[in-house]
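J.: Here is what each chain is made of, one letter per residue.
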Amino acid sequence: MRKQLITAILYTVATTLLLGIAYPLAITALAQWWMPRQANGELITRGGTIIGSQLIGQSFTGSGYFYGRPSAAGNGYDAANSSGSNLGPTNAALITRVEQSAAQLRNDHGDADVPVDLVTTSGSGLDPDISPAAAQYQIPRVARETGLSQAQLAQLVQANTQPRQFGFLGEPRVNVLALNLSLRQRLAETRAASSSRAAGADSGKAQP
Amino acid sequence: MTRKQSGGNTSLWDGAIVRRAAVDALRKLNPVTMMRNPVMFVVEVGSVLTAVLLLRDIHQQSAAFRFDLQITLWLWFTVLFANFAEAMAEGRGKAQADTLRRAKSETMANRALAAGGTEQVPSSKLRAGDIVFVGPGEMIPGDGEVIEGVAAVDESAITGESAPVIRESGGDRSAVTGGTRVLSDRITVRITSNPGETFLDRMIALVEGAERQKTPNEIALNILLAGLTIIFLLAVVTLQPLAIYSHSPQTVFVLVSLLVCLIPTTIGGLLSAIGIAGMDRLVQHNVLAMSGRAVEAAGDVNTLLLDKTGTITLGNRQAADFLPAPGVTKQDLAEAAQLSSLADETPEGRSIVVLAKEKFGLRGRDLANTHAEFVPFSATSRMSGINIENRAIRKGAADSIARYLEEIGGAMPEQVRADVETIARTGGTPLVVSENERALGVIHLKDIVKGGIRERFEQLRAMGIRTIMITGDNPLTAAAIAREAGVDDFLAEAKPKDKMDLIRREQAQGKLVAMTGDGTNDAPALAQADVGVAMNTGTQAAKEAGNMVDLDSNPTKLIEIVEIGKQLLMTRGSLTTFSIANDVAKYFAILPAMFAGTFPVLNALNIMHLRNPESAVLSAIIFNALIIIALIPLALRGVKYTPMSADMLLRRNLLLYGFGGIVLPFIGIKLIDMAITAIHLV
Amino acid sequence: MTANGWLQIFIFFAIVTLLAYPLGVYMANVFSGKRTWADPILRPVERLLYRVTGVSPDVEMRWTEYAVAMLLFSVVSMLVLYLIERMQQWLPFNPQHLGNVPAILAFNTAASFTTNTNWQSYVPETTMSYLTQMAGLAYHNFTSAAVGMALAVAFIRGIARRECETLGNFWVDVTRGILWVLLPGATLAALLLVSQGVVQNLHPYTTATLIAPQTVTAQGATQRITTQTIAQGPVASQEAIKELGTNGGGFFNTNSAHPFENPTPFSNLLEMVLIFAIPAGLTVTLGRMTGSPRHGWAVFAAMAILFAAGVSVAYHAEAHGNPLFRGVDQHATALQSGGNMEGKEVRFGVVNSALFATVTTDTSCGAVNSMHDSFTPLGGMVPLVNMMLGEVVFGGVGSGLYGMLIFVILSVFIAGLMVGRTPEYLGKKIEAYDVQMSMLFVLVFPVIILIFSAIAVLLPGVGTSSIANPGPHGLTEILYAFTSTAANNGSAFAGLNANTNFYNMTLGFSMLAGRFLMIIPMLAVAGNLARKKIVPASAGTFPVTTPLFTMLLVGIIVIVGALTFFPALTLGPVLEHLLLQAGKTF
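Chains as they are written, first to last, in the numbering used here: chain C, 117 to 324; chain Y, 44 to 725; chain W, 4 to 589.
Possibly wrong hints are sitting among the right ones.
[To be verified] Over 10 Å on every C-beta distance to chain Y, these chain W residues come out as not near it, computed from the model: (1) V48; (2) S198; (3) P207; (4) T225; (5) A307; (6) G423; (7) A516; (8) K536; (9) P539; (10) Q584.
[As the list claims (entries may be wrong)] Taking lysine to any residue and the SDA-like style, the derived pairs with C-alpha atoms no more than 25 Å apart in a straight line are: (11) K538/Y - Q361/Y; (12) K587/W - A208/C; (13) K554/Y - D544/Y; (14) K587/W - A309/C; (15) K37/W - R65/W; (16) K400/Y - I491/Y; (17) K587/W - T212/C; (18) K587/W - S289/Y; (19) K713/Y - A639/Y; (20) K554/Y - Q502/Y; (21) K536/W - S688/Y; (22) K554/Y - I562/W; (23) K713/Y - I562/W; (24) K587/W - Q293/Y; (25) K587/W - A286/Y; (26) K713/Y - Y630/Y; (27) K257/Y - E434/W; (28) K713/Y - N655/Y; (29) K257/Y - C167/W; (30) K373/Y - I431/Y; (31) K683/Y - I262/Y; (32) K147/Y - T76/Y; (33) K489/Y - T389/Y; (34) K587/W - Q216/C; (35) K554/Y - C167/W; (36) K536/W - A505/Y; (37) K536/W - M543/Y; (38) K402/Y - T389/Y; (39) K536/W - Q361/Y; (40) K257/Y - P81/Y.
Note that these hints are calculated values from the structure, not bench results. Yeah, the Cβ is synthetic: ideal placement off N, Cα and C, and Gly gets one too.
Please model the entire structure based on the sequences and the hints provided.
T.: Right, dumping it as structure tokens:
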């Protein structure tokens, strides 16, 4: 019994060093060496500033953006405080919330039924994706708000739609941050193009 | 196989037994007795509880009184029905015990005095070691061993068999039982048991079930049932807080009803009845098991050791053919063989006379006026014969005759030797007949395998039981008979020690071994075997070593004993499965009834469409009580047994008692619901 | 429900089945001390470990000694975890400078991880330092799984050995489980997970500057949010062993729903396969070590049937969505998974959420990739029932197998009598003592769950006040909490606020009882079985290799489980389902 107790103590210490320290540090070293981008959270940088992670959703509720899903993490997409709503299916609070969200969305998007992911919170509260249905649902509104054509937006959505992994795994999805970043880029390009066209016209005019 | 009923022809529902059982059922309500059966004890506690609350109902003039009263009554019925089942099983034994007690009535014995002469003492004063004399018409005063004389004894009081049996000193038929009656002649008996420990005493105790101890499987099953009872007790007790949370608290009557319906009352109520009935079935087959453990072990047996003689073959070898030596006619051989056997009273000898008569029309001659001199069989010469009119006819084993012929200057012809070998190889026993210095030929003695025994062994094999034939024959002979009878293996030239070694070997492999035996030299093996069935005709030593006694002394009965053991276990297993499977329907009856008042949506679970909550609960509890009564015959008779592999048995019983156990209560509860609503009980 | 959905379920299970055989054979070799490919590297490590810790690897233990060693190791390592939690503030690897964990929460967590439960009353991102996560929590993910495997192997030995007093050496079994199975498996899985985007670093949390700053109003105050703090950490190394050891303790609060724990459908598939791998393989190990491979497969088949039933119900229920969501499109189309998406991630959809929920509760894992509390009543009942059945559908690493084997013993006993013999299990006669200990094992479970739940619902101040969703759903939350802890699962109907003194204490006790009170009778059965002779099989032997046996086993598991908990379920999820269909909310 006494011998076993000593063994238990020594064994705990020895295996803690092996499994609790050596193993995670070794994995960290390997990961940082082989796959630093993934190991550090697939961070997106613009002009030297980290603007987010490819994998972590952000809140987009303003006009001119594709909306993400509602979030129950902190004040919404709090990536240091992941959380779902944990509302049960018969909870009046859930039903009311969904009804209100749906009503609001229908205000901006017309009378069609709202794709379910747009009115439900995700498990993590950090879901980076919406369904292609939810993205397409928003095209008319975003077109209206940005002035881009629906065809252009459809093409953007298409470009940002990830199909099922290996063709069968998971669900097709659209990364909201990526979509909005390419939307901004497209807008910037369009503006640049129109201003350069304007500039070009000017210069043309200036030439004799 | 004859099936005698030693306790008189008691049908299942014999009036006297039912009456006595009904009274006993009430007597068994004593909580101290009930405590031995945890399942039914819980029901009894529930019944008492509801009965007390019923008084409060009366006091408060509760509207629910009618319903509560009915629930309470049915709860009490449930307990009583279970007690009744047990009492019914015991009743048959008790009736038998009464018959036996009559045999035990006090008699006076002639006890030998040390100084010579005798004294009259009551049989109850006899101690082991006393010597008594018993004359014609007298009752044998106690168990003992015949040490002098031979007598015909009527043992019908114990065996139910009216034909008298011979008991004689020495050998394997020396045991006598107290309470049996000497019909002719006088015998001297050494008493072997003390008062209260006689065979008859033990037998009475056994059939009455007074000493009944729970068998290993029964104990294990009881633990399982107790465990399930605790689980359901928990489920029901904790249901009340959950019900309070859901704003629909339940009355104690409904909760107790749910509990009683869920705990395995069917098997709980019938378990001891099944055990008693199993022992009783053995008694009906004239087998006394000294413990329930032995009966269960019989069901578990993997290997049967069967004595060849009497079990596999008819008692003795019989002459089947005469094979003459070159230059001898068959007729001459037959004539010589018959002559040599006229004085031979052994069954073999008689069969030779019979064969000669039947085949060659030779009639037994009256030898009184000829100068015939019989030469009896002796251990040294190992042959027998007759000297008549200058003819010295001898009959014996081949080697003995060969030696004899050599001594007197004759020789065995090659042909005779060849015949001897052929016969031996095919399992027969060759006997050579010689006249003076000339060998006349060979008598072919054959073992006759009992009719139907082969099929019997096939069934056993299907059940996974191996049969091993034990014989004193040489391996060649044994192999041939083994082949013919279809046993799995044989032990040839078996000496008692070989038998013992075989049992040990089998047991070391984890197998359970059953055997029969009668001689004193069988005793160690009988004791070693897991199931040792001693023949009642056997010695006292054998009867004490074994854990069963067959009063018919029929070695084939071992197979039936195994079947009874299996049937006992199957009945328990089937009813346990049935009982547990029943619960599914009861849930669907009671749970919606409990909560549909508060939550009408729960009526979706009322798949039987029972009329109303009261009727649903009542129907379930009535079904639960009545099913015990309905299954009493099954418990007492045992489930139908057909020999087949375990896989097939499981398939059949699972379908019958498992699936049937799920379906039947749905129908039963619905019918009861229709009935009680039709007569406005609720 | 879609064809693709069923295909994903099928492919997942096909992988598990294909993996079970080689892994099971490998584990049989490992625990029988036979040579394996890893010996040249691992044997020296093993010998060194024994030398340092004073283990005599050749000394076999009786069941009681085995139990004592197991208990001592558990107590000591639990104490160490408690101390790490209580002192993390002063220890390294704490870039967020998190404070010490409060005493009762530290007790609850230590009990939780020692018992392979990984119930989490805390939010890890804001409570546990990297050191606590690595050396405390992930460490126990290895050891509690290794202990479970050792116990299962000891049980198998009990069945396989004849007339033997001992069950093996606890330290050797644990060591071999760690070095030969868990460590290589976790290393490989961790790197695969990193490749999918699971983070693995020791950095402080990252601050990102939002491209679209938000204005939120919370508790009456309006707040402008311009940054997002992204939690980081050594996640992949913990994630791998969390699944492989069926532990389930998330590095983050939302566990495998969190994109850094489970970023892609492939990582999701990998995690589910990791959860089932060892428990499924152990059925093959069982067949192999007992010399009856077909029995191993018969047990596997029983598990497969229960798995298929569970996932079918869950998928069906979730795909149908919530009938009260009006004006919402819940239909499955090529562009969305549809169904009840509350608490679920888009990348997983309803099928992978329902599948993960089934897998994680079939086993004692308890990791979640969606919030069970927000499942439809029937969808949420599946995880609950899976746990109530005793987590024997593949089950926890080791614990699933020995739990299943106790059910096998009871099935053999109940039905075995029906073939007219004293029931035998692979040649071992099942007798009173075995039944007694098996019943004790089975009893522990309803005792904990039902009694604690009954107490909790009767205490409005401390019990029902933690409920997040009123009505029958609240009852389910409480039932779920005690079931999950007693079953050492650790998943939650997370709405219930369990970080209170009442729940931290009762749930902590429930976890300890659910593990150790069940292990002791289980080892007693194993020790008793080992002592017995083996009766050779014959035509009269109760068959434990046939489809009929598989069906019987399934029936007994369902009936014993359902009969015990059916009343409680009726007032919880069943009632909620019927009320939901009738349009009632709370």
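J.: Take the hints in turn and mark each one as holding or not.
T.: Taking the hints in turn, this is what the structure says about them:
no.	hint	in the structure
1	V48	41 Å, holds
2	S198	48 Å, holds
3	P207	45 Å, holds
4	T225	40 Å, holds
5	A307	20 Å, holds
6	G423	3 Å, violated
7	A516	14 Å, holds
8	K536	4 Å, violated
9	P539	6 Å, violated
10	Q584	8 Å, violated
11	K538/Y - Q361/Y	24 Å, holds
12	K587/W - A208/C	9 Å, holds
13	K554/Y - D544/Y	14 Å, holds
14	K587/W - A309/C	56 Å, violated
15	K37/W - R65/W	22 Å, holds
16	K400/Y - I491/Y	19 Å, holds
17	K587/W - T212/C	13 Å, holds
18	K587/W - S289/Y	15 Å, holds
19	K713/Y - A639/Y	18 Å, holds
20	K554/Y - Q502/Y	19 Å, holds
21	K536/W - S688/Y	23 Å, holds
22	K554/Y - I562/W	33 Å, violated
23	K713/Y - I562/W	22 Å, holds
24	K587/W - Q293/Y	23 Å, holds
25	K587/W - A286/Y	19 Å, holds
26	K713/Y - Y630/Y	13 Å, holds
27	K257/Y - E434/W	13 Å, holds
28	K713/Y - N655/Y	12 Å, holds
29	K257/Y - C167/W	28 Å, violated
30	K373/Y - I431/Y	20 Å, holds
31	K683/Y - I262/Y	24 Å, holds
32	K147/Y - T76/Y	29 Å, violated
33	K489/Y - T389/Y	15 Å, holds
34	K587/W - Q216/C	18 Å, holds
35	K554/Y - C167/W	17 Å, holds
36	K536/W - A505/Y	23 Å, holds
37	K536/W - M543/Y	19 Å, holds
38	K402/Y - T389/Y	20 Å, holds
39	K536/W - Q361/Y	44 Å, violated
40	K257/Y - P81/Y	14 Å, holds
In this structure, the earlier hints numbered 6, 8, 9, 10, 14, 22, 29, 32 and 39 are contradicted, and the remaining ones agree with it.
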